[in-house]
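Build the full structure now, drawing on both the sequences and the hints.
If you're matching them up, the sequences are chains E and A in order.
In terms of numbering that gives the first Met the number 0, the first sequence has 20 at position 21, counting the first letter as 1, and numbering is strictly consecutive.
In terms of numbering that gives the first Met the number 0, the second sequence has 1 at position 2, counting the first letter as 1, and numbering is strictly consecutive.
Note that these hints are calculated values from the structure, not bench results.
Ideal placement from N, C-alpha and C gives every residue a C-beta, glycine not left out.
Hints are not guaranteed to be accurate.
[Said to hold, decoys possible] Lysine-lysine pairs mimicking DSSO-like chemistry, simulated, CA-CA at most 30 Å apart:
1. E:K36 to E:K74
2. E:K31 to A:K23
3. E:K83 to E:K20
4. E:K83 to E:K31
5. E:K101 to A:K23
6. E:K36 to E:K101
7. E:K31 to E:K74
8. E:K101 to E:K31
9. A:K23 to E:K20
[As the list claims (entries may be wrong)] If you want the footprint, here are the derived chain A segments under chain E, 3+ residues with CB under 8 Å:
10. 26-38
11. 46-55
12. 65-77
13. 121-129
[Said to hold, decoys possible] Which chain E residues face chain A? A few, computed with CB under 8 Å, are given here:
14. A17
15. D24
16. A27
17. G28
18. S60
19. R64
20. V99
21. M102
22. D106
23. E110
24. F122
In case you want the letters, here they are:
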Amino acid sequence: MSAMRILVGQEQGKVPVAVLKIEGDIDAGSYKALQDKASEVIEAGAANVLLDLGEVAYMGSAGFRAIHAIANMLKTADEEGIYKAQHLKLLNPRGEVARVIKMLGFDSFLEIHDDRAAAIASF
Amino acid sequence: MPRAFELSLIADLHRLGDVRSFIKQAGTALGAPDDMVGELCLVVDEAVTNIVLHGYHGAGGPVELHVEREGDDLVVLLRDHAAAFDSQGVEAPQLDEALAERKLGGMGVYLIRQLTERSETWPRASGGNELRLVKRVGPAA
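Below, the structure is given as structure tokens:
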């Protein structure tokens, strides 16, 4: 049970990718900070975002609401008719977070990677 | 070993970590396996979030939690002092809809329904609401 912290990094694959590494719990008290940080990064020009969930022990429905909102912020016209989001991907969800991602069907719409380099290269 | 655990707090969205810590401690002490305790933390977090957002309209308010074991189940009672509200009536998300088409929200109630055997809510005679969550966790370890 720990307060949430977000570290923002930038990596160059085929295209530039903003990496948001989240540490701590994502709940109804903290999800807005994640959404706001993503919004700030996207407004500053990021078109591709990787959310690193490797240090997230807990994520409730509010976290999924934030991820959904971030996916909508990054959606582009070239994605029309494509089922999986092209500009938002997830890295290393663990344990219960991974189980809830499946339970809510988010794995159908978001690519989930367990290797950081492969995740960056996939954009 | 205590048979029941209680916590009273002025719940707001920044106390959810305290609620999860309490459920983790109580569930573990009552002999539930770690994965079931994790699911119960999620369910109770979602329930308290609903009380704060819908019962207390985002402001803080008193919530009492009581956790006990009944056979193979853990039973959590949540009592609040809010006006009556029906979180059970919230529409669940359409999980087969593309993400962009899905409505935001409704996922908390969906998770509560998926991860409990029963969830029942009723108004208390003294005012406020009582929510009873029943989670099957198996025999005490």
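- Message: Output the indices of the hints that this structure fails to meet, ascending.
- Response: 12, 13, 14, 22, 23 and 24
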